[in-house]
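K.L.:
Here the protein sequences line up with chains A and B, keeping their order. For the first sequence, my numbering begins at 1 and goes up steadily by one. For the second sequence, my numbering begins at 95 and goes up steadily by one.
Hints in this document: simulated from the structure, not taken from any laboratory. Here the structure is a predicted model, which is why all the values come from computation and not from measurement. Glycine included, C-beta positions come from ideal geometry on N, C-alpha and C. Warning: the hint list may mix true and false statements.
Residues on chain B that point at chain A, a partial pick, calculated with CB under 10 Å [claimed, not checked]:
1. Glu176
2. Ala325
3. Arg327
4. Ser403
5. Ile407
Between beta-carbon pairs, the in silico distance windows are [claimed, not checked]:
6. A:Gly86 with B:Arg388: 30 to 38 Å
7. B:Arg229 with A:Pro53: 39 to 47 Å
8. A:Pro53 with B:Leu330: 21 to 29 Å
9. A:Met80 with B:Pro291: 51 to 59 Å
10. A:Ala13 with B:Ser227: 40 to 48 Å
11. A:Arg4 with B:Arg332: 42 to 50 Å
12. B:Glu311 with A:Met80: 45 to 53 Å
13. A:Arg11 with B:Arg221: 52 to 60 Å
14. A:Thr25 with B:Glu131: 45 to 53 Å
15. A:Ala13 with B:Arg388: 34 to 42 Å
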Amino acid sequence: MSGRRLPYPARGAPVAIRLNGRPVTAFAGETVFAVLCHEGVFALRRGGPGRPPRGALCGMGVCQECRVTIDGTPDRRACMTLVAEGMEIETDGR
Amino acid sequence: MNETAADVAIVGAGVIGAAIAFYLTRRGIRPLVIEKEDPAAGSSGACDGLVFLQSKKPGLHLELAIESRRRFEELAQVLGPEIEFRPSGGLCLIENEDELAALGRSIAAQRAGGLPVELIAGEEVRRLEPLVSERILAAGFSPLDAQVNPYALTFALLRAARAGGARLLGGEPVVGIETAAGRVRAVRTPRRRIAVPIVVNAAGAHAPEIGRLAGVEVPITPRRGQLLVTAARPPLLRHGLISARYIAAKFNPELARSGEMGFSLEQAESGNLLIGSTREFAGYDRRTSFEGIRAVARRVLPVFPALASLPVIRTFAGLRPYTPDGLPILGPVASMEGFLMAAGHEGDGIALSAITGEMLAAHIAGDSPRFPLEPFRLERFSTAEAA
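Build the full structure now, drawing on both the sequences and the hints.
P.N.:
Here it is as structure tokens:
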């Protein structure tokens, strides 16, 4: 088990990624959004009047609220992107 | 059923209804605004924020727009920074010799009509807007073109009107207009009857439905505009932007159907880019279509190739109230005393909101408006048929 994951026998192979510069172990087949949840990172970016923190709403590619920077590219949807070995994820909701 | 009364009922809380309510309260008249959904739920909340003058036909249309634009500085003072009014200036981008010739003629006529506008060379365009590609030969530039947040403008006008004594009835459709002896007596919603001597039809694309309730035929057709919204970015664009082709398509439905529509583009104060727009006759269908959105994106990218990397985060569509001659329908209706029109602005509702509000308010208060209502009255269509 890692982070907030429930015990689950058919998890994919471990994948080493970095989240805001910190090494994190994810598992093949997980979305970036799933990893962010496991790691307790919910404020993903800031936007709107007063720039309050924003977080994912729909988790299925529609609401555009879970956009994060992945491997240097801004505005990638965390919920629609699978983790990959060496991936660098940056959030801007702090 | 609730019985109530008002001096003036305004049907529709879009930017037009809100502006009329605002200018009425400034004259001490307290209207009741009746809205079937929410303020700005129709076209005023589904459009871009360009207050554009270069897109107006020289003559009456342009004069009306200049008069309206003059009032925006004062609105920005009174309503505050929340309306995000920016006198940014605007560029009308020219892609070929035909457009250059057409815009040259239109600029000469607009200058004669009092609009500060000039033709500038491609190099100068790229100095003003570095993202513009070599495809652009020249542009019309007017310092009077401006930007505003249409949604915020509508709400700010309503807030100010309510502070001045206007009432807003939201979520209630007008389902009946009672008339007797050729004049308006009352309006009905499912929940109440409102005795009122003056009813203003500011229902935008839905103005024909409201007109029918009073036995008035209103020649307005919904014309759908689809827009797309990109992710927010630091300032990339400094002006309101439209393509010269967009102006041509606006006044030539044939051209619009052929797909040669051009585009409009602005960066909102939030940093999001708004890119429009299709001009389609699709009834009251407010959905976006993949084809429509793709067509808009394909038109803007050759001129702004750098935008290709920007993610599109939203798409939306609004129904512009189209009239056969491109001018709004304003003022009293000969066949029904007390029934006033304030609709049919097509894509110009935001730009023309201020002057529309002031003209209707002046008329209702019994003053002669500073800009004459006469050329905008409904009867111009029946006169044209008779002639």
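K.L.:
Evaluate each hint against the coordinates.
P.N.:
Quick rundown of the hints versus the structure:
no.: 1; hint: Glu176; verdict: 9 Å, holds
no.: 2; hint: Ala325; verdict: 4 Å, holds
no.: 3; hint: Arg327; verdict: 9 Å, holds
no.: 4; hint: Ser403; verdict: 9 Å, holds
no.: 5; hint: Ile407; verdict: 4 Å, holds
no.: 6; hint: A:Gly86 with B:Arg388: 30 to 38 Å; verdict: 34 Å, holds
no.: 7; hint: B:Arg229 with A:Pro53: 39 to 47 Å; verdict: 41 Å, holds
no.: 8; hint: A:Pro53 with B:Leu330: 21 to 29 Å; verdict: 24 Å, holds
no.: 9; hint: A:Met80 with B:Pro291: 51 to 59 Å; verdict: 57 Å, holds
no.: 10; hint: A:Ala13 with B:Ser227: 40 to 48 Å; verdict: 46 Å, holds
no.: 11; hint: A:Arg4 with B:Arg332: 42 to 50 Å; verdict: 46 Å, holds
no.: 12; hint: B:Glu311 with A:Met80: 45 to 53 Å; verdict: 50 Å, holds
no.: 13; hint: A:Arg11 with B:Arg221: 52 to 60 Å; verdict: 57 Å, holds
no.: 14; hint: A:Thr25 with B:Glu131: 45 to 53 Å; verdict: 49 Å, holds
no.: 15; hint: A:Ala13 with B:Arg388: 34 to 42 Å; verdict: 39 Å, holds
Every hint from the earlier list agrees with this structure, and none is contradicted.
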